[in-house]
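> Sequence:
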Amino acid sequence: DIDKLLPAMGYSSKQITDLEETINQTECDIVITGTPIDLGKIIKINKPIVRANYELQETSKPDLKNLLTDYITAS
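Residues in the sequence shown are numbered consecutively from 39, following the working numbering.
The hints are simulated quantities; they were obtained by calculation from the structure and are not laboratory data.
Here a beta-carbon is modelled for each residue, glycine too, at the ideal position from N, C-alpha and C.
Heads up, simulated BS3-like pairs for lysine-lysine below, C-alpha to C-alpha not over 25 Å straight-line:
hint	residue 1	residue 2
1	79	52
2	85	52
3	52	82
For each label pair, taking beta carbons as the anchor points, the in silico distance ranges come out as:
hint	residue 1	residue 2	range
4	73	107	14 to 24 Å
5	74	101	16 to 26 Å
6	52	99	38 to 48 Å
Working from the sequences, and respecting the hints, build out all of it.
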């Protein structure tokens, strides 16, 4: 069921507009993004954007795949 998940990519025009409005109305000094895409290329906001990079290293069970599978099939 995709309705349980937020896609990491594939923003619609409405989602982009909503995101821009939300960020522009938020009181903050900087926006830190951790998305796979460069949001700064698709949104226009009134704050500086810094991209955070990360890497997942799984060290225990259940791993992310198992957790997500269990979550999706739980309904």
